[in-house]
Amino acid sequence: MKVLIIEDEKTLAYEMEVFLKKAFFICELAHTFNDGLKKLTAGLYDYILIDLGLPGGDGLELLRNAKRSNPDAAYIIITARGRLEDRVTGLDMGADDYLSKPFFLPELHSRMQAISRRKFKIEQELQSIGEFLIDLQKRFMVFQDISIELSRKEFDLVSYLFLHKNMVLTRGQLSEHIWGTFADDDYDSNYIDAHIKNIRKKLNAYAPTEWLETVRGVGYRIRKH
Amino acid sequence: MKLSSKLIFFIAGSKLALGALFVAILPLVVNRIASDFTNFSLEGQRKKVMANIGKNGVETYLAGENSYGSYTMLKDEYIAIEKAPVSLHLDTIRTTKRIVETDTLSYRVLSATFGFKGRNYLLEIGKTTASINLYNDSLQKFAVYVLVLLIAISIFSDLIFTRRLIRPLGQIIKKRLVNSKFPFIENQTRVKTTTSDFNYLDESLISLMNQINEAFAKEREFTANASHEFLTPISILQNKMENLLVDESTSHQVQQSIVEMMKTLERLKKISRSLLLISRIDNAQFIKKERVEPAKIINEIIEEISHRMEENNINMEVKLSHSFAFDNLNHDLLFQLFYNIIHNAIKFNKKNGSIVISDTLKGKDYSILIEDTGMGMTEEETRQMFNRFNKSNSSANTGYGLGLAIVKSIAIYLDLKLQVQSKLTRGTTFEIQFKKIEGNFSGMSSGAKA
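In order, the protein sequence lines correspond to chains A and B. If you use this note's numbering, the first sequence closes out at 225, no skipped numbers anywhere. If you use this note's numbering, the second sequence closes out at 675, no skipped numbers anywhere.
Hints are computed from structural coordinates only; laboratory data are not their basis. Please note: incorrect hints may appear among the correct ones.
So these bits of chain B aren't anywhere near chain A, every CB distance computed over 10 angstroms [stated by the list, open to error]:
no., residue
1, Thr-329
2, Leu-374
3, Leu-433
4, Gln-481
Taking lysine to any residue and the SDA-like style, the derived pairs with C-alpha atoms no more than 20 angstroms apart in a straight line are [to be verified]:
no., chain 1, residue 1, chain 2, residue 2
5, B, Lys-322, B, Thr-297
6, B, Lys-465, A, Glu-28
7, B, Lys-575, B, Thr-603
8, A, Lys-165, B, Asp-472
9, A, Lys-197, B, Asn-538
10, A, Lys-202, B, Glu-535
11, A, Lys-153, B, His-568
12, A, Lys-201, A, Gly-130
13, B, Lys-513, A, Val-88
14, A, Lys-197, B, Lys-648
15, A, Lys-22, B, Asp-472
16, B, Lys-308, B, Gly-343
17, A, Lys-165, B, Asn-468
18, B, Lys-576, A, Ala-194
19, A, Lys-153, A, Ala-194
20, B, Lys-648, B, Gln-609
21, B, Lys-465, A, Cys-27
22, A, Lys-153, B, Glu-535
23, A, Lys-153, B, Glu-525
24, B, Lys-465, A, Thr-11
25, B, Lys-576, A, Tyr-191
26, B, Lys-495, A, Tyr-191
27, B, Lys-576, B, Ile-595
28, B, Lys-513, A, Asp-86
29, B, Lys-488, A, Ser-175
30, A, Lys-22, B, Asn-468
31, A, Lys-202, B, Ser-531
32, A, Lys-197, B, Glu-535
33, A, Lys-22, B, Val-471
To be clear about the criterion: a stretch of chain B counts as covered by chain A if any three or more of its residues have a C-beta under 8 angstroms from a C-beta of chain A, and this derived list gives those stretches [to be verified]:
no., segment
34, 456-463
35, 533-542
All C-beta atoms, glycine included, are put in the ideal place defined by N, C-alpha and C.
Construct the complete structure from the given sequences, taking the supplied hints into account.
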């Protein structure tokens, strides 16, 4: 999968690239409006991430151009402007999603995955975690033939960790994914731990959950070999 | 006391005082004038008599007698000429008594001696004081009546004029100070007046308001720009840390440090986002054209926040008996407002405490009340609770002190009335009042317990 990152903050673009590479994406970077335009007309991409505040032109203008050359790509607008009208215009102009800076990198990845599922209608098979099977699209988890009752947020947690398997996610990353900007402001709160505890309790009734690891002082991780 | 009343009292008072003074000195003045006039007329008659004597000789009057006297019919005037000793020299006018045909009358008498053909004569011309005072009294009375009438008319016209004159001042005060609400964008039209002082006052107030507007706009712009500018560097730092965290060469110990750093960065991020949110609300960057049902929002929030209640074993009772919808609101902002209040109600509650969410309908005003059994606040803390970066609660469990500042900005922007009552160690009650019910009246009762 090819990703074009059009972002004038070079360090930021680079960090996005580093993260996405780990998830097996091939990334190309552009740092200006013209640079972006050049790359867009020359190549085909699966994902195009556009920063709105670009030197040399408006990102929304670039989006309009890009839609012509890469009509099938998935577009995510990335901006620090965070103005409501930008979001509305961006989505009206055919962007698939919108991320406000600062965002967590796993969040970017998960949004890209979500678009793929929606847009490219990639039929994912049931995937296994431990002795369980999970369907990220239809949002269920089973043990043999028994469906496991997870709350919406519990399932969100499991699927987010599963999407980034073998990678530790912090409580901050997890809570922002689940509660967005309403994530709680007092970090010593242990509500993520409470959710994990609940999940373990529900799953342990059927099979062991040693794949759901606590990384002490860091966060949680799903181990999958 | 009002300025117009003061002016009227002063003007009327000074007029009455002057009138009284005039009435007091009126008899003196009138007497003096009457006396001068009498003297003048006596002198005139003397001149006539002397002219007559000069022309026709003193015998015209004496006709061979030693003296001559003549009265008018009512004895109010007389003239007398008699021979006088050579040594007598008189030229006076005085008031004195004279006996005229058995009547003793008071006269104003001009007495003058004159020589004619080697002989000395005494001329007396008299006028009764009664005849002088006759006009005097009625004149005085008339003058007093006219004066009273004039004072009354002038006070009345002063009253009307002063009220007209002062009216723009009242309008300015009402328009600029009493009825004006920050930001002072409306009501920029001048108050109509021809009084330059009021024009000046009005202009000054408008310019003052514009200065305040400008200062606040600058402050908001700065807050927006600063918090916005923070977001990109925060973004870079955060993403760098994330990559470092999952780098294979990073040891567990370093990972733990990175997480600590990320938590700190998270604080900075939250502060910037909150400030940005406040300045966006204050700059009216949210559309408020949605029809929103507060009761629905409350339920959404409870679902969202229930994990926090479980954590502290807090019992929530929702007793909403109405489900009204209101126009011209913004769903997200109202959500944020209730979220922050309920979140605080949980955060500053006691272990095993409770929260009651209820509503009241007073006339057309609908209120939602959020009552907690938390630690409460002192009066001083209640006053300051909406200030930015205010962390009044002395407990260790604190946020950034922006939650309620956001609540206040939203309430102002959405035109909601916000009231807080708090008792230390007993709890706090927030009341959010919505203006005027518009349609969609349906009685709903829900006793959901969370």
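Review point. If you draw a straight line from the CA of B/Lys-322 to the CA of B/Thr-297, is it 20 angstroms or shorter?
Key: Satisfied, since the Cα-Cα distance of roughly 17 angstroms is no more than 20 angstroms.
Exercise for review: With a cut-off of 20 angstroms on the C-alpha distance, tell me whether A/Lys-153 and B/Glu-525 pass.
Suggested key: 14 angstroms, holds
Review point. Given the hinted pair B/Lys-576 and A/Tyr-191, is their alpha-carbon gap at most 20 angstroms?
Key: 16 angstroms, holds
Check your understanding: Given the hint that A/Lys-197 pairs with B/Lys-648, does the C-alpha gap stay at or below 20 angstroms?
Key -> Between A/Lys-197 and B/Lys-648 the Cα gap is close to 37 angstroms, so the pair fails against 20 angstroms, i.e. violated.
Review point. For the pair supplied as a hint, A/Lys-153 and A/Ala-194, is the alpha-carbon distance within the 20 angstroms limit?
Key: Holds - the C-alpha atoms of A/Ala-194 and A/Lys-153 are around 12 angstroms apart, at most 20 angstroms.
Exercise for review: Mind checking the alpha carbons of A/Lys-197 and B/Asn-538 for me, to see if they're no more than 20 angstroms apart?
Suggested key: The given pair, whose Cα atoms are some 16 angstroms apart, holds under the 20 angstroms limit.
Exercise for review: Mind checking the alpha carbons of A/Lys-22 and B/Val-471 for me, to see if they're no more than 20 angstroms apart?
Suggested key: 10 angstroms, holds
Review point. Holds or violated: A/Lys-197 with B/Glu-535, Cα cutoff 20 angstroms?
Key: Holds - the C-alpha atoms of B/Glu-535 and A/Lys-197 are around 13 angstroms apart, at most 20 angstroms.
Practice item. Mind checking the alpha carbons of A/Lys-153 and B/His-568 for me, to see if they're no more than 20 angstroms apart? Key: 18 angstroms, holds
**Study point:** 20 angstroms Cα cutoff - pair B/Lys-308, B/Gly-343
**Key:** Satisfied, since the Cα-Cα distance of roughly 11 angstroms is no more than 20 angstroms.
Check your understanding: Regarding the assertion that B/Leu-433 does not contact chain A, is the least Cβ-Cβ distance greater than 10 angstroms?
Key -> Consistent with the label, B/Leu-433 stays out of reach of chain A, its closest Cβ about 32 angstroms off (over 10 angstroms).
Check your understanding: Under the criterion that the straight-line Cα-Cα distance not exceed 20 angstroms, is the pair A/Lys-22, B/Asp-472 satisfied?
Key -> 10 angstroms, holds
Hints 4, 14 from the earlier list are contradicted by this structure; the remaining hints agree with it.
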